[in-house]
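Visitor: Whole structure, please, built from the sequences with the hints as guidance.
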Amino acid sequence: MRERLEAVHRRLLRDPLFQINQSFLNTTESIKLTTIEELVGSQGSQSVLAFLSKIDDESLYLEDLSGYVKLKIIKNAPNEEENTAIMPAIYSEGMAILAQGKMKGGIFEASLIGTPKVETRESFLSSFPSFEVKSKHGLPASANMVMISDVWLDRSTVLQKLRTLFEGYCKNRFLPELFVLMGNFH
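Just so we're aligned, residue 304 is where the sequence shown starts under my numbering, counting upward by one.
Any given hint might turn out to be false.
Stated by the list, open to error - The list that follows gives simulated cross-link-like pairs (lysine to aspartate or glutamate, EDC-like), each with its CA atoms no further than 20 Å apart:
#  : residue 1 : residue 2
1  : K373      : E396
2  : K375      : D359
3  : K407      : E341
4  : K464      : E396
5  : K373      : D360
6  : K357      : E340
7  : K420      : E341
8  : K357      : E396
9  : K335      : E309
10 : K378      : E340
11 : K373      : E340
12 : K405      : E340
13 : K373      : E361
14 : K375      : E361
15 : K335      : D318
16 : K375      : E340
17 : K420      : D318
18 : K407      : E340
19 : K464      : D453
20 : K335      : E412
21 : K375      : E396
22 : K373      : D359
23 : K357      : D453
24 : K407      : E366
I should point out that these hints are in silico values taken from the structure, not numbers from a laboratory.
Guide: Following this line, the structure appears as structure tokens:
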């Protein structure tokens, strides 16, 4: 867990949006990431990079290396300034997410949830010029792939959902070049 979260954190810090500029002349806004531990007693809106987890099998939690906090996705009233937004993605337990919200009664009330931005190959290689590229073979840049985690093939409901997913791709004549299924295959 530690290595995955640290790798995503380092990648985000290379993005200008997450670089805190010390210059008082610069007016561009940046996002400061807060740890779960720092949320306790915090005021105002905070941004958190954490894993999505279920600790008691009922509620969602945000978990990082400093701790965990119960997550509540709030829906704002139409007259409020901030609107709730859940960025399009398939969210699963154990994935790293970015959440923005406020602490209220020991619960993190998120008004914005999304996945960390993907870094391009060019950006990665420019950040690590000594990184040795072994091969340039692979899928074209326009290739699509589908990654699915928590696939329990011994559960009939999972098999039914996979069938629905594959039928949907066939029906829409959109066939990704690669499907990656991760899970318990007992």
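Visitor: All hints, please: hold or fail.
Guide: Hint by hint, here is what the structure shows:
| no. | hint | result |
| --- | --- | --- |
| 1 | K373 / E396 | holds (14 Å) |
| 2 | K375 / D359 | holds (14 Å) |
| 3 | K407 / E341 | holds (14 Å) |
| 4 | K464 / E396 | holds (17 Å) |
| 5 | K373 / D360 | holds (12 Å) |
| 6 | K357 / E340 | holds (18 Å) |
| 7 | K420 / E341 | violated (23 Å) |
| 8 | K357 / E396 | holds (7 Å) |
| 9 | K335 / E309 | holds (15 Å) |
| 10 | K378 / E340 | violated (25 Å) |
| 11 | K373 / E340 | holds (13 Å) |
| 12 | K405 / E340 | holds (14 Å) |
| 13 | K373 / E361 | holds (11 Å) |
| 14 | K375 / E361 | holds (12 Å) |
| 15 | K335 / D318 | holds (12 Å) |
| 16 | K375 / E340 | holds (17 Å) |
| 17 | K420 / D318 | holds (9 Å) |
| 18 | K407 / E340 | holds (14 Å) |
| 19 | K464 / D453 | holds (12 Å) |
| 20 | K335 / E412 | holds (17 Å) |
| 21 | K375 / E396 | holds (15 Å) |
| 22 | K373 / D359 | holds (10 Å) |
| 23 | K357 / D453 | holds (13 Å) |
| 24 | K407 / E366 | holds (17 Å) |
Violated hints, in rising order: 7, 10; the structure is consistent with all others.
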